[in-house]
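Chemist: Can you build the whole structure from these sequences, using the hints too?
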Amino acid sequence: MLALNRQVAAQGSSGSRWTMSPLSKSPQAPYAALLTPRNDKNLKSPSSSQSPAQPRDDKSLSFLALYRFATPSDKLQLVLGAIMAGLNGAIFPCMALVFGTAINAFAQADGGVDRDAVDRAALYYFLIALALFFTDCFAYILFCNSAERQMKALRGHVFAHMLYMDVSWYDKSDAFELSSRLTGDTVKIKDGMGQKLSDSIKFTCQFFVGYIIGFARGWDMSLVMACAMPFMVLSLKYMVRLFRKRAVISQKMYAEAGAVAEETLGSIRTVASLNGEKRAIDKYNERAILVETGNIAISKRSACVFGCMMGSIWLMYAAGLWYGGSKVARAEASPGTVFQAFFGVLMGTISLSQISPNVTAVAEAKGAAAAIYKILDTISSIDASKDDIGVKPDACVGRIQALSVNFTYPSRPDVQILNDYNVTIEPGQTVAFVGASGGGKSTLIALLERFYDPQEGTILLDGCDIKTLNVKWLRSQIGLVSQEPVLFASTIFENIAAGLEGVARGQVVEAAKLANAHTFIMSLPEQYDTLVGEKGVSLSGGQKQRVAIARAIIREPKILVLDEATSALDNESERVVQAALNDLMDKTHMTTLVIAHRLSTIRRADKIVVVNAGHVVEEGNHDELVSVEHGVYQNLYRIQEEKAQEEAEAAANALIKAGINDDVKMSRTLNSRSLGSDRLVDDSVLKEASEDVPEGKFTIVDALEFSRPERKFFITGLISAGINGFSMPCSAILISEMVASMTSAYTNYQTYGLQSYLDQLSSDITIYGVCYIAGAVVLFFTNATQNFCFRYMAEKLTSRLRGIHFSALCRQNIGFFDEKKNATGALAADLSTNATKVAMISGDSQGRQHSRL
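Residues 1 to 853 in full-length UniProt numbering are what the sequence shown spells out, letter by letter.
Simulated from the structure, these hints should not be mistaken for lab results.
Remember, predicted model here, so these are calculated numbers, not experimental data.
All residues carry an ideal CB built from backbone N, CA and C; glycine is no exception.
There may be inaccurate statements among the hints.
[Unchecked claim] 30 Å max Cα-Cα, derived DSBU-like pairs, lysine-lysine:
hint, residue 1, residue 2
1, Lys472, Lys513
2, Lys607, Lys467
3, Lys172, Lys472
4, Lys278, Lys237
5, Lys392, Lys712
6, Lys237, Lys374
7, Lys472, Lys392
8, Lys278, Lys392
9, Lys75, Lys386
10, Lys374, Lys472
11, Lys467, Lys386
12, Lys172, Lys467
13, Lys467, Lys374
14, Lys472, Lys278
15, Lys75, Lys152
16, Lys374, Lys513
17, Lys152, Lys374
18, Lys152, Lys172
19, Lys374, Lys386
20, Lys300, Lys712
21, Lys472, Lys152
22, Lys172, Lys278
23, Lys374, Lys172
24, Lys300, Lys75
25, Lys75, Lys374
26, Lys152, Lys386
27, Lys386, Lys172
28, Lys472, Lys386
[Stated by the list, open to error] The calculated label-pair distances, taken between Cβ atoms and stated as ranges, are:
hint, residue 1, residue 2, range
29, Arg604, Gly815, 21 to 29 Å
30, Pro413, Ser600, 31 to 39 Å
31, Val626, Ala272, 43 to 51 Å
Modeler: What follows is the structure in C-alpha cells.
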C-alpha cells in the first residue's frame, strides 16, 4: 500500500478506502541486488543504519506515551485492571499471615492444638483463593481488551498518517520496511501493554506488600534477608536495559527482512521468471539470522544474570531461616512470627523473578513504540488529510502556468531537474510534453499534484498559487493515468469506483464506455464483478490501461494527465487505448497533459512542449515544430519515423519469408495476453479445485518438532527446568522440617524450660542453612541453563519458521497469489507475526511450564 502512495494521492480523498498491495520495481539480474534494503552494509552494523524509520532514542519515549491512543473507556479499563492486578499481588503475600497463625495454633504451650484457629486459617485460605481467582481473571480481561482496542486505533492512525505523508518522505524511506513495522512492531507493543503489564503490576505489588508484612512482623530478620536486594535490583535493571536496546535493533532487522519478503511476494512473477526465488530466500534469511545471532548473544548474558537472581533468592532463604531460627533458639520470637516475616519477604522476593520477563516485555514494547511514534510525530510538509486548510474554489477552469520554476528532488539535492521552467496551458487545451528521459517532463505533473513543492518559482491553477489551495480539492480536479496502471486486488467495478466516493453503477458503466472498456468488460463471465487479481494481473496491459482511464475520468476532472499511458503497450493495445483517449478528448473539454515517448500519439495535440535539461526549448503544434530546421522536435520526429519504417519493413519481410497468412495472424491475435472467457473459466475451475482445506491446530508438539536440531538444548533445558521445579518441593520439605523442629523445640522449651531443646534447634538450623546454600549454587547453574537453552530454542525456532514460511510462499504456483485471500499484504503480515507468536509459547514460557509441571 505504502509503495503505491503516489497513485493513491493522485486519486484524492477516495484513496483511503482501499487496502492495496505494494508495487515493486521490476527486478533485473541479479535479482537479490535489488531487494530492499538495498545497502548490505546494514548487515554489518544494524544499529548504525540511518533511515527515516529508525527509532529515536528510547529515553525520549515515556511509559505513558504508550497510551496516547487510549480512549476514556480504555483508561477506565486500565485503571480497573491495574486495581485488580494490584489487589491480586497484594492478597497473595497475606497467606504468610495466615500461615504464621496456623503455626502458632499448632505450637500451644500445653502441647495441644487450637482447633478454632486452624479452622479460621482454612477459611482465610479459601477466601484468599477466591479473591486471587477473580482479581486475576478481571485483570487479564481488562488489560487485554484495552490493549487490543488501542492497537486497533494505533494501526489505523499510523496507516492513515503514512498515507498522507508527502512523497519526498517516501523517497527517503523504505515503504516495504514501514509496512513490516506496522504489523511486527504493533504485536510487541500490544504484548507489553496487555497481560505482561498486568503481571508486572501484580508482581510489583506482591513485592512491596510482601516486604511490608516482613518488616512489620520482624524488621531485623527482613533486613537480613534483604541484604541481597540491591544486587537483584541492579541485575533486573541491567536486563531490562539490555533487552530494550536489543529490541530496537531486532525490530529494525525484522522490518528489513519483512521488506525483502513483501517486495518479493509483490513481484513474484518477475522473481519466478528470473529464477530468483533462492536468492530472495537467502536475502531474507540473512536478516533473520542476524537477529537470531544477536539475540542469542544477549541470552547468554541475561541467563547468567537470571541465574544469579534465583541463586540469591535461596541465599536469602538461608540467611532468613538462620537468623529467624536463631531468634527462636534464643527465645526472642515465636515460630509463627518468624515465619510470617520469612514468608512475607519470601513471597515479595519470589515476585522479582516473575517481574523480570514481564518488565522485559514492557521494555521491548517501548522500544518498538519508539519507531512507530517517530513516524506519527513526523509532520508532512504537504498534508492532504485536512479539509479545512487551503482554499477550495467554487469551480476549476483548468488554466495552468509554471513561472520560473526551479526544482530538485529532496533525495537528490545536487541534481537540478527543472531550471527556470516556464509554460502556460490554456483551459481545454491538449498539451504534450516530449524530450529526452530525465529532462523534466513528468516532474511538472508531480509538482502540479503537489507531490513536491518547487524550491523557487510558482505554479498557478486558474491564477491561484497551488500552495494556497486545499490539497485534497486540488488532487480531486486532476485525473492521472500513468505508464504502469495500478489496479487494486478487487473487482473491475470497485477499481473504477475508486476514483469517486459514493459512485453509482450507472456512472461506472458510463465511464467505462468513455474509456472504450465497456465492450471487453461485458465479454467477461462476471462482467463488472470480475476480480482483476493483485495489481490487475488477470487483465492484459491494454485492458488495465482502459480501466485506469475510466477510473481517472469518473470524477469528471478538469485536468487529465496521461503520463506515457501507451508507451508500455504492444502495437494493437496501443491502437485501442489511443483510440479511447482520442475519443475521450473529443467528447470532453478537459485540459489534457500528455507525457509522450512516441511522437505519433501526440500529432493531434494543440500544443507540444519540448523539454530538455529542465528547460522549455520549443513550443508549438506538430506542424509548426516539424518545420523548424534543425529543431529538437524535428530531429526526434525524423529519428522515430525512420525507426518505425525500418521496423515495418523488417516485419513485412519476415512475414513474407515465413509465408504467414492472415489466418495465422488472427490466430496470434487470439492467443494474445488479453483476458477472455476461456481464461476466466479456467481460473474459476482452478479456484474451485484449490478451496481451503481445514487448518489443523498447531500444538507445542509441532513446535518441538520444528526444534528437532536443538534437541540437545531442549533435553538440557528440560533437565534444568525439572531441577528448578523440584527445588520448590525440596524447599517446602526443608521449611516443613524447620517448622516442625522450631515448633517442637519452642513448645518443649515453654513446657519444660530445658535449654537443651533450643541448643538442638541451633544445630538443626545450621544444617538447613548449609542445604540452602548448596541449593543456591545448584540453582544458579540450572536457572541459567534453563533460561539460555529455551531462549536459544526460541530464537532458532523463530528464524527457522520465518525461513520455512517464506520459502513455502516462494514455492507456490502463481495461481496461489491470484486468490483474494493471498494478497501480498496479508501474506507479509502473517510472515511477520506468526513466527513471533509461536516463539512466545516455546521460549521462556515453555521453560516455566516445564518447571511448574
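Chemist: For each hint, tell me whether it holds in the structure or not.
Modeler: We went through each hint and held it up to the structure:
no. : hint                           : verdict
1   : Lys472 with Lys513             : 27 Å, holds
2   : Lys607 with Lys467             : 26 Å, holds
3   : Lys172 with Lys472             : 23 Å, holds
4   : Lys278 with Lys237             : 43 Å, violated
5   : Lys392 with Lys712             : 70 Å, violated
6   : Lys237 with Lys374             : 25 Å, holds
7   : Lys472 with Lys392             : 9 Å, holds
8   : Lys278 with Lys392             : 52 Å, violated
9   : Lys75 with Lys386              : 28 Å, holds
10  : Lys374 with Lys472             : 25 Å, holds
11  : Lys467 with Lys386             : 14 Å, holds
12  : Lys172 with Lys467             : 23 Å, holds
13  : Lys467 with Lys374             : 26 Å, holds
14  : Lys472 with Lys278             : 43 Å, violated
15  : Lys75 with Lys152              : 15 Å, holds
16  : Lys374 with Lys513             : 46 Å, violated
17  : Lys152 with Lys374             : 18 Å, holds
18  : Lys152 with Lys172             : 27 Å, holds
19  : Lys374 with Lys386             : 20 Å, holds
20  : Lys300 with Lys712             : 17 Å, holds
21  : Lys472 with Lys152             : 26 Å, holds
22  : Lys172 with Lys278             : 28 Å, holds
23  : Lys374 with Lys172             : 15 Å, holds
24  : Lys300 with Lys75              : 38 Å, violated
25  : Lys75 with Lys374              : 23 Å, holds
26  : Lys152 with Lys386             : 22 Å, holds
27  : Lys386 with Lys172             : 24 Å, holds
28  : Lys472 with Lys386             : 8 Å, holds
29  : Arg604 with Gly815: 21 to 29 Å : 42 Å, violated
30  : Pro413 with Ser600: 31 to 39 Å : 37 Å, holds
31  : Val626 with Ala272: 43 to 51 Å : 45 Å, holds
Comparing the model with each numbered hint stated earlier shows that hints 4, 5, 8, 14, 16, 24 and 29 do not hold.
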